[in-house]
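2 protein chains.
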Amino acid sequence: MSEVVTLAHGAGGKASRRLVEDLFLDELRNPLLEPLSDAALLSANGTRIALTTDAYVVRPLVFPGGDIGELAVNGTVNDLAVSGAHPLALTAGFVIEEGFPLDELRALAHSAARAASAAGVAVAAGDTKVVERGAADGLYVTTAGVGLLDPRVDLSPTRVRPGDVVLVSGSIAEHGIAVMLARGDLRLELDVESDTAPVHREADALCALGRQLRWMRDPTRGGLATTLNELVAGCDASVVLSESTIPVREDVRAACELLGIDPLYVANEGKLVAIVAPRAADSALRALGPDAAVIGEVRADDVPMVLCETPFGGSRIVDMLVGDPLPRIC
Amino acid sequence: MSEVVTLAHGAGGKASRRLVEDLFLDELRNPLLEPLSDAALLSANGTRIALTTDAYVVRPLVFPGGDIGELAVNGTVNDLAVSGAHPLALTAGFVIEEGFPLDELRALAHSAARAASAAGVAVAAGDTKVVERGAADGLYVTTAGVGLLDPRVDLSPTRVRPGDVVLVSGSIAEHGIAVMLARGDLRLELDVESDTAPVHREADALCALGRQLRWMRDPTRGGLATTLNELVAGCDASVVLSESTIPVREDVRAACELLGIDPLYVANEGKLVAIVAPRAADSALRALGPDAAVIGEVRADDVPMVLCETPFGGSRIVDMLVGDPLPRIC
Numbered sequence: 012m013s014e015v016v017t018l019a020h021g022a023g024g025k026a027s028r029r030l031v032e033d034l035f036l037d038e039l040r041n042p043l044l045e046p047l048s049d050a051a052l053l054s055a056n057g058t059r060i061a062l063t064t065d066a067y068v069v070r071p072l073v074f075p076g077g078d079i080g081e082l083a084v085n086g087t088v089n090d091l092a093v094s095g096a097h098p099l100a101l102t103a104g105f106v107i108e109e110g111f112p113l114d115e116l117r118a119l120a121h122s123a124a125r126a127a128s129a130a131g132v133a134v135a136a137g138d139t140k141v142v143e144r145g146a147a148d149g150l151y152v153t154t155a156g157v158g159l160l161d162p163r164v165d166l167s168p169t170r171v172r173p174g175d176v177v178l179v180s181g182s183i184a185e186h187g188i189a190v191m192l193a194r195g196d197l198r199l200e201l202d203v204e205s206d207t208a209p210v211h212r213e214a215d216a217l218c219a220l221g222r223q224l225r226w227m228r229d230p231t232r233g234g235l236a237t238t239l240n241e242l243v244a245g246c247d248a249s250v251v252l253s254e255s256t257i258p259v260r261e262d263v264r265a266a267c268e269l270l271g272i273d274p275l276y277v278a279n280e281g282k283l284v285a286i287v288a289p290r291a292a293d294s295a296l297r298a299l300g301p302d303a304a305v306i307g308e309v310r311a312d313d314v315p316m317v318l319c320e321t322p323f324g325g326s327r328i329v330d331m332l333v334g335d336p337l338p339r340i341c
Numbered sequence: 012m013s014e015v016v017t018l019a020h021g022a023g024g025k026a027s028r029r030l031v032e033d034l035f036l037d038e039l040r041n042p043l044l045e046p047l048s049d050a051a052l053l054s055a056n057g058t059r060i061a062l063t064t065d066a067y068v069v070r071p072l073v074f075p076g077g078d079i080g081e082l083a084v085n086g087t088v089n090d091l092a093v094s095g096a097h098p099l100a101l102t103a104g105f106v107i108e109e110g111f112p113l114d115e116l117r118a119l120a121h122s123a124a125r126a127a128s129a130a131g132v133a134v135a136a137g138d139t140k141v142v143e144r145g146a147a148d149g150l151y152v153t154t155a156g157v158g159l160l161d162p163r164v165d166l167s168p169t170r171v172r173p174g175d176v177v178l179v180s181g182s183i184a185e186h187g188i189a190v191m192l193a194r195g196d197l198r199l200e201l202d203v204e205s206d207t208a209p210v211h212r213e214a215d216a217l218c219a220l221g222r223q224l225r226w227m228r229d230p231t232r233g234g235l236a237t238t239l240n241e242l243v244a245g246c247d248a249s250v251v252l253s254e255s256t257i258p259v260r261e262d263v264r265a266a267c268e269l270l271g272i273d274p275l276y277v278a279n280e281g282k283l284v285a286i287v288a289p290r291a292a293d294s295a296l297r298a299l300g301p302d303a304a305v306i307g308e309v310r311a312d313d314v315p316m317v318l319c320e321t322p323f324g325g326s327r328i329v330d331m332l333v334g335d336p337l338p339r340i341c
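Chains as they are written, first to last, in the working numbering: chain A, 12 to 341; chain B, 12 to 341.
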């Protein structure tokens, strides 16, 4: 581990994982935190609840398809939803740079409120701090959320079995590319919008599969590749993706090629990836709607890893994200 | 309201209140958020829980008596405790500036872990984001917490009655003064330490008073004066403090005089203020321990306000904090 924090530590890939495991988990270790999943599962007087948090530092604050207010709400709703929990209430903590325009702040609060309303959840508590000019880049938001665990499901990497099917709820890589394009550094003439959206309805529909639903996640920072690598580390089997089945919009694919970035590593903010038992695959596809796809399967393997089979019959290893090709994407 | 966010908006006083009411509450309005108390109270499948969040931007990150890691844990534990809730679990979101030393980060995580352990609660979920050099001042932490409501109590400003007694759990103004002195701008030779500590044991002891306990708060940003003004706004009666009974350490009082700041406006991070029925005053004092004091009473008044009676027989109006004499204190 290097001696100072680097941007790669915040990218959601290998360095992030190392920082979390070697420093935060090492210091804060407890049974609730230890699974390092999207939400901690705990019992409140016998009621099973999920608890999660995410900090948002996306730049710019407003981008095609969304803004930091909406993103911060959807991200936390989604972390609860993919943990098999029905969102009950959110909190939002704002760190604001002195001089930030109040009308922009109001627009972001409005956007957060609209997203919360769309997800059927309230922002129940908040806090606001102000730092001097130059001590923040406009605004940072940290949301937390509490949800009620769905008793129908038991989601865990350890429940994933060889033969299980990998599904994604729609086309990938839109959020990260939209944010990169919004920065204007690239001078590409593409109209890519962020996919920021709540996935609680899709997650709820999958929960109806009961124990045939093994595991869900929302592939944000580090993209589908990193999320599936985290799964593989916990389930002791390989995930084999079929590249041609992974939905990617043409303009997003073109932007990825121009940027030299694999869409598998680009953040999504309104998609979920799920693993289900083979006989539940058709029901899962129907539950997720017309944009969903089966993109791979789980295979027994001596050395668990994520593989991607190309349309030409070859296959490549898909490792976790290394470095930070897309800083401050969420 | 001015057109941009100012430091006063983050100070916890009048401008903060206006920002929260006129902008955040206006946009995010819902019955859980509306009371604007330290924690939102909600029901999870019939189990009553409290939910709270606080962002921490204190400068410097380490100060006599504590650091941002400990402060962020104690602050959220305390917001739950004074809401009559037993802390169940916390979350912590870190926004870190690129280049931040990893050993300092580890020390702050260690400190947060120690504080959590002392309060009998786990940091169950976390998130880490990294921003470029210059886009943050070292590190910001936002904690959230969930707690189980104590069924013995029903705490609300509306339950406060004329004749009720005001207590504080110990001497005031230490945290704010310690942080100001730690900045070194003042060149005062005083050894004031922050009072950062969890108050959950004191709060729990007061909960044993049942419905004779009317209301509790931890007087942080804006100090005792601002906290009591917020109470008065919600209870339609006046609070009359007796200045000579308010515990202030001599060195803290001296620093306040040199700085020209009333200790009533200085942040505390390990104290609680409580209102109890008159016949419960002695039990409350015993429950809070030897540093506690009765500092005033609630009086019927046509124009509810906070008053402070001086040792010379006069009295003055104690308004909410205006402006920001002590920026980035928590």
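Incorrect hints may have been included.
What the hints assert, rightly or not - Here's a subset of chain A near chain B, in silico, CB distances under 10 Å, partners left out: (1) 63; (2) 65; (3) 67; (4) 127.
Claimed, not checked - Covered, in the sense of this in silico footprint (three residues per stretch, anywhere, with C-beta under 8 Å from a C-beta of chain A), are these stretches of chain B: (5) 22 to 34; (6) 49 to 59; (7) 127 to 136.
In short, the hints are calculated from the structure, not lab data.
Predicted, not measured: the structure shown is a model, and the values here were computed from it.
Note that the Cβ used here is the ideal one computed from N, Cα and C, for glycine as well.
Checked hints:
At its closest, the beta carbon of residue 63 of chain A sits 5 Å from a beta carbon of chain B; the interface hint therefore holds under the 10 Å criterion. For residue 65 of chain A, the interface hint holds, the least distance from its beta-carbon to any beta-carbon of chain B being 5 Å, beneath 10 Å. The closest approach between the C-beta of residue 67 of chain A and any C-beta of chain B is roughly 7 Å, which is under the 10 Å cut-off, so the hint is satisfied. A hinted interface residue such as residue 127 of chain A counts as satisfied when its beta carbon comes closer than 10 Å to some beta carbon of chain B; here the least separation is about 7 Å, so the hint holds.
Counting residues of the segment 22 to 34 of chain B whose C-beta lies closer than 8 Å to any C-beta of chain A gives 5; at least three are required, and the coverage claim holds. Here the segment 49 to 59 of chain B counts 7 residues with a CB under 8 Å from a CB of chain A, which clears the bar of 3, and the coverage holds. A count of 5 residues in the segment 127 to 136 of chain B with a Cβ less than 8 Å from any Cβ of chain A is obtained; the coverage claim is therefore met, three being the minimum.
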